[in-house]
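Asks: With chain A held as given, fit chain B onto it using these hints.
Protein chains in written order, with full-length UniProt numbering: chain A, 1 to 349; chain B, 1 to 349.
If you are wondering where the hints come from, they were derived from the structure by calculation, not from laboratory data.
Beta carbons are placed, not taken as given, at the ideal position from N, Cα and C, and that holds for glycine.
One or more of the hints may lead you astray.
What the hints assert, rightly or not - Label-pair ranges, simulated between beta-carbon atoms:
no., chain 1, residue 1, chain 2, residue 2, range
1, A, T288, B, C123, 30 to 38 angstroms
2, A, A24, B, A24, 27 to 35 angstroms
3, B, P258, A, A236, 51 to 59 angstroms
4, A, G336, B, S14, 25 to 33 angstroms
5, A, S152, B, C123, 24 to 32 angstroms
There are 2 protein chains.
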Amino acid sequence: MTRLSELGESHIISRVLTRNPEPAHVIVGPGDDAAVTAPEGRLVSTADMLVENEDFTRDWLDWELLGRKAAAQNLADVCAMGATPHGLLVSLAVPNDTDITDIEALYSGLFEEAERAGTALECTVPIIGGDLSSSKLIVIAITALGTVQEDSATLRSGARPGDSLYLAGTVGRAAAGLDLLFAGLRRDTAGPELRSLIDTQLAPQPDYGALRTLGTASAMIDVSDGLSLDLARVAAASGVGIDLERALLDDLVDPLLPAAEYVLDSRAKGVSGDAEGVADSANGPVMTAEDLALSWVLDGGEDHGFAASASPRQDPGVGWRRIGEIRTGHDVSLDGTPVPASGFSHFGK
Amino acid sequence: MTRLSELGESHIISRVLTRNPEPAHVIVGPGDDAAVTAPEGRLVSTADMLVENEDFTRDWLDWELLGRKAAAQNLADVCAMGATPHGLLVSLAVPNDTDITDIEALYSGLFEEAERAGTALECTVPIIGGDLSSSKLIVIAITALGTVQEDSATLRSGARPGDSLYLAGTVGRAAAGLDLLFAGLRRDTAGPELRSLIDTQLAPQPDYGALRTLGTASAMIDVSDGLSLDLARVAAASGVGIDLERALLDDLVDPLLPAAEYVLDSRAKGVSGDAEGVADSANGPVMTAEDLALSWVLDGGEDHGFAASASPRQDPGVGWRRIGEIRTGHDVSLDGTPVPASGFSHFGK
Numbered sequence: 001m002t003r004l005s006e007l008g009e010s011h012i013i014s015r016v017l018t019r020n021p022e023p024a025h026v027i028v029g030p031g032d033d034a035a036v037t038a039p040e041g042r043l044v045s046t047a048d049m050l051v052e053n054e055d056f057t058r059d060w061l062d063w064e065l066l067g068r069k070a071a072a073q074n075l076a077d078v079c080a081m082g083a084t085p086h087g088l089l090v091s092l093a094v095p096n097d098t099d100i101t102d103i104e105a106l107y108s109g110l111f112e113e114a115e116r117a118g119t120a121l122e123c124t125v126p127i128i129g130g131d132l133s134s135s136k137l138i139v140i141a142i143t144a145l146g147t148v149q150e151d152s153a154t155l156r157s158g159a160r161p162g163d164s165l166y167l168a169g170t171v172g173r174a175a176a177g178l179d180l181l182f183a184g185l186r187r188d189t190a191g192p193e194l195r196s197l198i199d200t201q202l203a204p205q206p207d208y209g210a211l212r213t214l215g216t217a218s219a220m221i222d223v224s225d226g227l228s229l230d231l232a233r234v235a236a237a238s239g240v241g242i243d244l245e246r247a248l249l250d251d252l253v254d255p256l257l258p259a260a261e262y263v264l265d266s267r268a269k270g271v272s273g274d275a276e277g278v279a280d281s282a283n284g285p286v287m288t289a290e291d292l293a294l295s296w297v298l299d300g301g302e303d304h305g306f307a308a309s310a311s312p313r314q315d316p317g318v319g320w321r322r323i324g325e326i327r328t329g330h331d332v333s334l335d336g337t338p339v340p341a342s343g344f345s346h347f348g349k
Numbered sequence: 001m002t003r004l005s006e007l008g009e010s011h012i013i014s015r016v017l018t019r020n021p022e023p024a025h026v027i028v029g030p031g032d033d034a035a036v037t038a039p040e041g042r043l044v045s046t047a048d049m050l051v052e053n054e055d056f057t058r059d060w061l062d063w064e065l066l067g068r069k070a071a072a073q074n075l076a077d078v079c080a081m082g083a084t085p086h087g088l089l090v091s092l093a094v095p096n097d098t099d100i101t102d103i104e105a106l107y108s109g110l111f112e113e114a115e116r117a118g119t120a121l122e123c124t125v126p127i128i129g130g131d132l133s134s135s136k137l138i139v140i141a142i143t144a145l146g147t148v149q150e151d152s153a154t155l156r157s158g159a160r161p162g163d164s165l166y167l168a169g170t171v172g173r174a175a176a177g178l179d180l181l182f183a184g185l186r187r188d189t190a191g192p193e194l195r196s197l198i199d200t201q202l203a204p205q206p207d208y209g210a211l212r213t214l215g216t217a218s219a220m221i222d223v224s225d226g227l228s229l230d231l232a233r234v235a236a237a238s239g240v241g242i243d244l245e246r247a248l249l250d251d252l253v254d255p256l257l258p259a260a261e262y263v264l265d266s267r268a269k270g271v272s273g274d275a276e277g278v279a280d281s282a283n284g285p286v287m288t289a290e291d292l293a294l295s296w297v298l299d300g301g302e303d304h305g306f307a308a309s310a311s312p313r314q315d316p317g318v319g320w321r322r323i324g325e326i327r328t329g330h331d332v333s334l335d336g337t338p339v340p341a342s343g344f345s346h347f348g349k
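So here's chain A without its partners, still in its complex pose (with noise of 0.2 angstroms):
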């Protein structure tokens, strides 16, 4: 074991960035006061933290998964945007003991998660700066840029009544993931069912390529805090209301169901630690398992799936899968019942 505090900063930033890929576009990497590169188009930027306690636990922490993550799901952003990715910058504290190989095990998450987004989407995707520092915390902080032709980002904006509305990867499973590590269940002991969907929660695999796929679509988002929460936002930007179908969601809910009958299971038995989020709904009458996968699908983010809405008329490609329509009015609703907009918020209501 080496920790940190026995090396120097510049010699732990050039070990951990020996994977740096340098594509033509950038012209100065890490190592200058900034970084110089060529964007071609637009710019599409976005910037997310991932601190701990809040996001994750020492507990359940995985150096690697937590580099994964912490690139999914800056990099969906910019993806939902329908951007090509550009570059990274990562800014990353850590308690000086830490050993040398989890902070590359970090990197190799992050280069293994740009990598992937990278042969998705025909790009290269490099780290171009960033930060390194000391604290007491684990946070990681990253900022993602991509490009995009003029006036052809899509934005939440807009949806418009008639659209179908489509989803890329998944929901649900990374909320599942989580009441399972809060029911005490851990990556090594789950089997292989339950483990993957912890697997999801601790690093998220977006579908970068079917962005490649969808046609047209007239607005998309990044479902990062539960369908529920972030189709509300598409409603109230492109002034619509959208509707969702119960029979749609089955392929989402039914595969979660051993998940929640294993959560509902262990609640009974009073031996969950730590009871958050969708948990709440369990002091209400009797929740079935149905009921709890069904409110992950609903109210659970970081699957960082894509919902987006396009023509009914356009074939959707491969990748999506229909799950309600876009219509008038100004709320989410699932089979003509409205949905309370309950998915992740750091803040309050």
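Replies: Okay, now just chain B, sitting in the frame of chain A:
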């Protein structure tokens, strides 16, 4: 007092961004998955993070000054490339019992500094994105973007023997302020002279305007970690040696003598609670006030002065002072005597 936990995330964001400017280059501002902007020329990007208990303590905390500092340290990096600021992405984590007015003060500091840079460089610097989350520790991670015309970025690698070395702004004042804080002095108890040094530590004011007056710099760096360390970076990148002239540093050293006397006095009385950084040298033979003041000037970063090399035939513009020269070799010296690179580093040596 209204705690963040009583407010919704989107309400908080709209409140703190009330003052956000909307220059023409912002096509889609905060509120979608990512921002869309129109950069002209090459993109310059840099990221830096401030973490509670590492970069500041709750005991000295002034939210507005923290915002100014976070903006300044990132804008200085963009400007040290010769770039025009384009926008900031601000990721913030704070305890959820934080008063909304404190967060408003922090953003007010961000806007103040962005406006100061914008006025000096005739541009408008909006916040184009970011993230707000809860955390026990305060963390503020910023990415600053800028633009520069093709091939016109000023790198660290262009210094040539025979060039003069110039400084805009100051060095050593923030380090003096930090040692005053460690010695127990606070803004509200300090006289105006020492208080202004503490203010430089809490909210440095880079001289952005000077960047408009220097003709053609062959190399430039934002002095954030101390002249000795940052000039060693220029020396290494350019393959040159750099000699500082002691007599040319008088204007930087002399104003720090009262602070040096205060700090040495308080150390002699043993009242210094926390002695870090330059305090190590206090364990050696007797240190004079001039020794300490000079060590602040040589090893103290965080004023965010700009050091630039340029032809000596060229008149330095307003705001620039000559402090040395570029020579052959590969190290940094003071009147010919090597200066060890002992500026700030988060890890190890």
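Asks: For the hint 30 to 38 angstroms, verify it against the beta carbon of A/T288 and that of B/C123.
Replies: With Cβ atoms ~58 angstroms apart, the hint is violated.
Asks: Please check whether A/S152 and B/C123 have a Cβ separation lying inside 24 to 32 angstroms.
Replies: For A/S152 and B/C123 the Cβ distance comes to about 26 angstroms; the hint holds.
Asks: Starting from the range 51 to 59 angstroms, see whether the pair B/P258 and A/A236 falls in it by beta-carbon distance.
Replies: holds, 58 angstroms
Asks: Quick check: does the Cβ-Cβ distance between A/G336 and B/S14 fall within 25 to 33 angstroms?
Replies: holds, 31 angstroms
Asks: Tell me if the beta carbons of A/A24 and B/A24 are separated by a distance inside 27 to 35 angstroms.
Replies: holds, 29 angstroms
Consistency note: the structure conflicts with earlier hint 1 alone.
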